[in-house]
Amino acid sequence: MKGELKELKLTINGKLYEFKVKPKTLLVDLLRQELKLTGTKIGCLDSACGACTVHIDGKAVRSCSVLALQANGRKVTTIEGVADGDKLHPIQQTMIDHGAIECGFCTSGMVMSAKALLDENPHPTREEVREAIQGNLCADEGYVKYIEAIEIAAEKMRGGQ
Amino acid sequence: MGETFGGYSIIGKPIPRVDARAKVTGEAKYAADIEVANMLWGYVKRSPYPHARILNIDTSKAERLPGVKAVITGKDFGGFKWGWSGPTRDEEPLAVKKVRYLYEGVAAVAAVDEDTASEACDLIEVEYEPLPGVFTPFEAMQEGAPLVHEDRPGNICVEYHWNFGDVDKAFAESYLIREDTFQTPRMAKGYLEPPAVVSYWPDSNHVVYIGAKGSPYFPYRILARCFNLPLSNVRIIAPTIGSDFGGTKNDMTPADFSAVMLAKKSGRPVKIVTTQFDALTTDLRRHPMWITMKTGVTKDGILTAIHTKIISDGGAYTRMSPLSNFLTGICMGLPYHLPAFKHDVVCYFTNNPSSAAMRGHGIYHTAFARECQMDMIAEELGIDRMEIRLRNVIKNPKPGTIYETINKVHVATAGTEECLKKVYDAVKWEKSEKADGYKAYGTGYATGTYLSGTNLSAHNACAAIVRICEDGSVNYLTGATDVGQGSDTILCAIVAEVLGIGLEDVDIKRVDSAFTPVDPGSYGSRVTVLAGHAAINAAQDAKRQLLEVAAQQFGVKPEDVEIKNKQVFVKSNPERNTSWERLVRTACYEAPGKVIIGRGYSTKGGVSHTLADFSKGVGDIGTNYSFTAQASEVEVDVETGVVKCTDNNVIAHDCGFPLNIQAVETQVQGGAYHQGVSAALYEEFKMDKGQTINANLIDYKRPRANEAPMSKVIHVVTNDPYGPFGAKEASEGSVCSAPPAMINAIYNATGVWIKNLPAQPEKVFWALKAKKEEKKGKKKK
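From first to last, the protein sequence lines stand for chains A and B. Read in order, the letters of the first sequence correspond to residues -18 to 142 in our numbering. Read in order, the letters of the second sequence correspond to residues 1426 to 2206 in our numbering.
Bear in mind the hints are in silico, worked out from the structure with no lab data behind them. A hint or two may mislead.
Here are the computed lysine-lysine pairs in the PhoX-like style, where the Cα-Cα straight-line distance is at most 25 Å [said to hold, decoys possible]:
| no. | chain 1 | residue 1 | chain 2 | residue 2 |
| --- | --- | --- | --- | --- |
| 1 | B | Lys1454 | A | Lys68 |
| 2 | B | Lys1500 | B | Lys1522 |
| 3 | B | Lys1989 | B | Lys2069 |
| 4 | B | Lys1523 | B | Lys1934 |
| 5 | A | Lys137 | B | Lys2137 |
| 6 | B | Lys1934 | A | Lys17 |
| 7 | B | Lys1438 | A | Lys137 |
This one's a predicted model, so the numbers in the text were calculated from it and none came from an experiment.
Start from the sequences and build out the full structure, keeping to the hints where you can.
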């Protein structure tokens, strides 16, 4: 428990941070407890629900199943780093406009998974959208409007809006 | 913009949710996100036995661990017991003499961090005497079975025996009688947000509780009694809530009580965040039920009588079982005309985690049995599955008239017939008739109904306050709690609609019992119907005050003035007008100046007809009732037994009037095609002597985005006179229609009946195999 502290240097939402952390510290705990970036949620701690999804170097990962030290030297993006100031990312705006969000507990993870998909594949098929967010459990919404919202957002992003 | 209803300015359209921006940016604060200065972390010590006497608890080692600030056991609560109602107070915050389910809380620690608190819990030494337990209602009902509660003979938690009409005579005169036993499993509520709480005592006489509760006024009353405080000194604050679905997030948990007691004892704020493992092993679940339904029909398939016998597993404590089991029978007379019915339900205590309310509460079980059996009867009689439903369905009563069921449930609007016809037209039929190699396709129908605006005999009151700020913006204060269903948006929309202003002008406050008016909470699909009515009344009260000022300014009567789109004008001469902002400013600043506060409370609940009588099984448990029909296609892999709900799925929902079209759609899709499909195909707690063996979200399967159907929702508008702007509930009815629609579709595809939910691959595989062998056997003969 009282393991030696290790040095950690990483970029989070565009800002460089240096920490001394216990080797067992999970990335999600670093984000939530040290940095108070509570937009990243803890649902299951089993990599099963996807509520803690963040990006490491642009890839969607479950921050409950990554040690903070594994992100050493990398670029981490959380939900707090998705909007451009007050201007929401098209995925965020579309989820609002399309009425995709209910309780919102899965929303951060859903946005992060969708963004990782659309950043890499601007023309996803419906099946690709469904696959990209299949690691994100939603408790109440039924997925239909999330899937449609991501498709609409992809169209907007292609149109350069 | 797509479909809209009613010609209103704001409601009856897709309304973007008022809390969506905070949620999509990660700004929304859920209970686990909240921190208070000087805060400690709490942890609950849990029992390793499902049934055991507690002989001794030694906390001395835990107390000596550096960083530990307080340790409590059940004894700290001074014999306090609590429950759903006065006579059912059978549970202690932390078990004192006996534990009745696995992982029941027995002690708790507050320390400087979570690791230390958890480590200290390991140092608490509890001496147990393990007791034999009962793990199914069938074990519990045996003569001489171990008693879960010594003072409850036969382990009976609650039972109801009702009889309406002459059931025996009706059966004697029936052309066909069918009796089948169906089974609904133990299910998780399914929220992703594990319950969390932060509590502190600003002084020794006041407590603050911030927790994930959909019914914040439950803890309000319970904590007042527990800590012997007047209600005025109990402050419950609702953070954003990550879904509820009934049960744990209405009620209290050992962690809730522990946080408050640890905060009192340590003199510092205490936070306890439970894990998904805690939630899946100890939180309240849906009752597993064994439903034997005997149904009589005429030669034409007209229902003559139903006799339902239900055995249900209530788990360790009574909790809401009296209501859950009552709800299995109270709506038997809906949505089909039923001249006679008997209902016998017995709920047993077992050494399993307690059962309680869950979306589709109670009605879900009997609706499943009835809708499957309806298909069986149709087949035996050679009547089309849709036709038999249309023959029995209650017609939508003419405006001004009321339909009364045999057990005195009153319905002013019933859109089932329209729902059935619409899904029949909308579903695609091409595939359902053919088998595609190893895949078989089939389609099933089912109807659902649910009460909205639940009327219970106690604390039903529900009020609202509309506070007009001097710049024209509005604060809305309600005791109602949005747990994700979208009620905050609906209430703001109603206030804006009534006042004639924009949705963006209304700011809703989360529940804070120090400021918001008392409200029963989010359960029984009551918020939109009852809190929505309070919103109308409060907004009208504020508007009346403003119109008086406007009338004075214009030199006319208040009833001659109207407000629309933030314009205040004389009805007969709209040229004479002023802006909303100017009117508000005038009202506030004219000497001596006014403070405009509108107040209102719901007057709909309970006054519609008669209050429900639990012992007799009669009366209006709902203010009004929603109706649903769905047509569902499944794809069955006949080699592996894997069933998939295809995108060819249509649900029609009569929610009276869709106040927010998008919210009704997500509620209905989430209800039918997430929790409903999940109940039909995936979800079941596997138990072994009180232990939940699939207590994680991988082994406890729920549908994911690649499995959930892209279903279509059809809105059926019936404008119910007892709902705000005609509205009724949206979603709980859809949870009830989905499982039977899926099971009927599986039968349609394969000819096998899965009468015990869920239709997991293994079950379907063996059923298909048995059918194949039965066919072979017949051929040989």
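Consistency of the hints with the structure:
A threshold of 25 Å between alpha carbons decides the hint, and for Lys1454(B) with Lys68(A) the separation of about 20 Å falls inside it, so the pair holds. A C-alpha spacing of about 9 Å is found between Lys1500(B) and Lys1522(B), which places the hinted pair at or below 25 Å, so the restraint holds. Note on Lys1989(B) and Lys2069(B): the hinted pairing is violated, with a Cα-Cα distance of about 49 Å set against a maximum of 25 Å. The hinted pair formed by Lys1523(B) and Lys1934(B) fails the criterion: a straight-line CA distance of about 42 Å is larger than 25 Å.
Proposed proximity of Lys137(A) and Lys2137(B) is supported: the alpha carbons are some 24 Å apart, at most 25 Å. Restraint check for Lys1934(B) and Lys17(A): the C-alpha separation of about 24 Å stays at or below 25 Å, so the hint holds. Taking the CA atoms of Lys1438(B) and Lys137(A), the gap is near 23 Å; set against the 25 Å cutoff, the hint holds.
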